[in-house]
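Student: Read off the chains here:
Number of protein chains: 2
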Amino acid sequence: MGEFELLERVRERLPPDGPRLRLGSGDDAAIAVPDGATATSVDALVEGVHFHRGQSSLGQIGHKALATALSDLAAMGAEPGEAYVVLGVPTDLDEEGCLELLDGLAKLAAATGISLAGGDVTRAPALTLAVTVVGHAPSPEQLVTRGGARPGDVLVVTGEIGGAAAGLLLEPETGSSSHLVTNSVTKRELGELIRRQLEPQPRLEAGRALAEAGATAMIDLSDGLGGDARHLAKASGVGLQIDASALPLAVGVAEVAADAGREPLELAIQGGEDYELLAALPAERLAEASAAVEVVGVTLTRVGEVVSGEGVEIRLPGGGRLKPVGFDQLS
Amino acid sequence: MGEFELLERVRERLPPDGPRLRLGSGDDAAIAVPDGATATSVDALVEGVHFHRGQSSLGQIGHKALATALSDLAAMGAEPGEAYVVLGVPTDLDEEGCLELLDGLAKLAAATGISLAGGDVTRAPALTLAVTVVGHAPSPEQLVTRGGARPGDVLVVTGEIGGAAAGLLLEPETGSSSHLVTNSVTKRELGELIRRQLEPQPRLEAGRALAEAGATAMIDLSDGLGGDARHLAKASGVGLQIDASALPLAVGVAEVAADAGREPLELAIQGGEDYELLAALPAERLAEASAAVEVVGVTLTRVGEVVSGEGVEIRLPGGGRLKPVGFDQLS
Numbered sequence: 225m226g227e228f229e230l231l232e233r234v235r236e237r238l239p240p241d242g243p244r245l246r247l248g249s250g251d252d253a254a255i256a257v258p259d260g261a262t263a264t265s266v267d268a269l270v271e272g273v274h275f276h277r278g279q280s281s282l283g284q285i286g287h288k289a290l291a292t293a294l295s296d297l298a299a300m301g302a303e304p305g306e307a308y309v310v311l312g313v314p315t316d317l318d319e320e321g322c323l324e325l326l327d328g329l330a331k332l333a334a335a336t337g338i339s340l341a342g343g344d345v346t347r348a349p350a351l352t353l354a355v356t357v358v359g360h361a362p363s364p365e366q367l368v369t370r371g372g373a374r375p376g377d378v379l380v381v382t383g384e385i386g387g388a389a390a391g392l393l394l395e396p397e398t399g400s401s402s403h404l405v406t407n408s409v410t411k412r413e414l415g416e417l418i419r420r421q422l423e424p425q426p427r428l429e430a431g432r433a434l435a436e437a438g439a440t441a442m443i444d445l446s447d448g449l450g451g452d453a454r455h456l457a458k459a460s461g462v463g464l465q466i467d468a469s470a471l472p473l474a475v476g477v478a479e480v481a482a483d484a485g486r487e488p489l490e491l492a493i494q495g496g497e498d499y500e501l502l503a504a505l506p507a508e509r510l511a512e513a514s515a516a517v518e519v520v521g522v523t524l525t526r527v528g529e530v531v532s533g534e535g536v537e538i539r540l541p542g543g544g545r546l547k548p549v550g551f552d553q554l555s
Numbered sequence: 225m226g227e228f229e230l231l232e233r234v235r236e237r238l239p240p241d242g243p244r245l246r247l248g249s250g251d252d253a254a255i256a257v258p259d260g261a262t263a264t265s266v267d268a269l270v271e272g273v274h275f276h277r278g279q280s281s282l283g284q285i286g287h288k289a290l291a292t293a294l295s296d297l298a299a300m301g302a303e304p305g306e307a308y309v310v311l312g313v314p315t316d317l318d319e320e321g322c323l324e325l326l327d328g329l330a331k332l333a334a335a336t337g338i339s340l341a342g343g344d345v346t347r348a349p350a351l352t353l354a355v356t357v358v359g360h361a362p363s364p365e366q367l368v369t370r371g372g373a374r375p376g377d378v379l380v381v382t383g384e385i386g387g388a389a390a391g392l393l394l395e396p397e398t399g400s401s402s403h404l405v406t407n408s409v410t411k412r413e414l415g416e417l418i419r420r421q422l423e424p425q426p427r428l429e430a431g432r433a434l435a436e437a438g439a440t441a442m443i444d445l446s447d448g449l450g451g452d453a454r455h456l457a458k459a460s461g462v463g464l465q466i467d468a469s470a471l472p473l474a475v476g477v478a479e480v481a482a483d484a485g486r487e488p489l490e491l492a493i494q495g496g497e498d499y500e501l502l503a504a505l506p507a508e509r510l511a512e513a514s515a516a517v518e519v520v521g522v523t524l525t526r527v528g529e530v531v532s533g534e535g536v537e538i539r540l541p542g543g544g545r546l547k548p549v550g551f552d553q554l555s
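Residue numbers (our numbering), protein chains in the order written: chain W, 225 to 555; chain B, 225 to 555.
Accuracy of the hints is not assured; some may be wrong.
Have a look at the derived ranges for each label pair, beta carbon to beta carbon [as the list claims (entries may be wrong)]:
| no. | chain 1 | residue 1 | chain 2 | residue 2 | range |
| --- | --- | --- | --- | --- | --- |
| 1 | B | Ala335 | W | Gly272 | 52 to 62 Å |
| 2 | B | Gly521 | W | Gly272 | 23 to 33 Å |
| 3 | B | Asp318 | W | Gly272 | 52 to 62 Å |
| 4 | B | Arg347 | W | Thr523 | 29 to 39 Å |
| 5 | W | Thr523 | B | Val520 | 21 to 31 Å |
| 6 | W | Glu319 | B | Gly461 | 27 to 37 Å |
| 7 | W | Glu229 | B | Val520 | 48 to 58 Å |
Rather than coming from a laboratory, the hints here were simulated on the basis of the structure. Ideal Cβ positions, reconstructed from N, Cα and C, are used throughout, including at glycine.
Can you make the complete structure from the sequences, with help from the hints?
Tutor: Below, the structure is given as structure tokens:
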């Protein structure tokens, strides 16, 4: 397997260790000196289940494995600290392939400031990645769970949604939908939708800005706004009212949906993998939160409010309402 | 997949969360409040690579996945804190099978006081477990790396070695070597050798005792004493001299080796998976360390010393010497 040599070659490509890491991989365990609290999450990607080689480059697979794990830290408002990577390597992936994959991962690690602190490389029948990420905060109270939303809070979403689902519709053609291009969506915009699907960007800075601006509850949009909103509502013991017309659709989602005979709202509400953040905030801190999120280059959109009760209600532009059970069967 | 229901059913079987865990699985990330330093390690077990169903029970597979990860914490002298488990489930393993596996893991978690704080369950072509464990210490200086052994230190080994390799020789017959039984090894002793292979016990308490007694370097014996000693020697920049006649062979190893036409020392030096600890200690603290380790029910054996130079030399009973390169080709 050449695990040691492989990790050595990867290590050369990594940024210097972060301030909390005292001893990286190579011993029995990595040693870190945390702040007052840690947020830890683990995510696994398995070939044939979560991705297909051929539809994603190896670098994109490595990127996405770390990105989806980091998105959980973003949703806690944690500062990224250390990542631990298990790589299961099938016989048809050679060392250069492993390096390409780990390079994609390492590039995102460098961009987000997370240290690759350890890992395990093993043979496996299918390409498998399991990534554990540890984030930090001065105290547990400064991390944002799903459970603190209160009636009266406003609901906000970072960035734009529906893009990853639209990218999935485009993927088989990889941007070659020329009639869409003439229909006022540029080739660059279509490429951006595909990139959202293959190379999601965890909203780490926006998550920290929201935490500092008093977010009472937060979750990342991995399963889709509808389902993730319901998780937040349930954990907080509140109801959520979402205004569908306020949802910030990514550029090109409407056109791609129309082209595929789908509803843009379906992509925005049911489509997963946008890895944007849904947060609840006290209404009086909305302006402060918007400004703080915009400082890090991300838009913040008010999409609804927290009410007493339970479940999620989505108000449609025509005056209709999707009920908690209803939107699961939206398609 | 029923991931949530499965984890809910597992959670019912778990001991209460440890003192550092503020929020367990169910949110975007688990929240912990660490002491001054953490030791983190990740280990993966893949079916067909590390184990075969049929040779191990599902409970034993779950046990071993956590045990091998915890052994790394033992080798740091860390107190077990939290575990995060990725479970890749093939289509031929049903929910009851998953529960049996996770029960084996949960039982060891309860016995060692580690909290199962999070995880991810996914489909996979082969049964796959990736376990991340986090251990704690008041400060990074109280964790023992591989790198601090100094010439003049004594080398010690916990418990008994060679047993797991002997158990592997017995495994196909699962203890039915009746002529061995008559040859003065009891059936119970053979069963113990098999158990060492299938259900290794991480030496967590002994590891902490050694750390407190001033261990300067420590490593767990996963690959075999020969190779692991070399890792320690290299990391510390020292030489190690090991007295083969002093090695604490597990009961029955000599007989099983003889029966299989193998050398007992080969099983002890090359056989991996004993998950005992090899440590270096200042000579003047040996008595204190032995007493502290015996308090937790484990024997401590002096097996050699640390010298200046590099590499590992094993002095054989007949007066021969195995050199660092040599013992790799011992079999």
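Student: Run every hint past the structure and note whether it holds.
Tutor: For each hint, the structure was consulted:
Between Ala335(B) and Gly272(W), the C-beta spacing of about 36 Å breaks the proposed range 52 to 62 Å. Range check, Gly521(B) to Gly272(W): about 46 Å between beta-carbon atoms, so the 23 to 33 Å window is missed. Between Asp318(B) and Gly272(W) the beta carbon distance is about 20 Å. The supplied range of 52 to 62 Å is therefore violated. Hint check: Arg347(B) to Thr523(W), Cβ distance near 36 Å, so the stated range 29 to 39 Å holds.
Between Thr523(W) and Val520(B) the beta carbons are some 57 Å apart, a value that contradicts the proposed interval 21 to 31 Å. The supplied range of 27 to 37 Å is met by Glu319(W) and Gly461(B), whose beta-carbon atoms lie about 29 Å from each other. Checked against the given bound of 48 to 58 Å, the beta carbons of Glu229(W) and Val520(B), roughly 38 Å apart, lie outside it.
Hints 1, 2, 3, 5 and 7, counting from the list given before, are not met by this structure.
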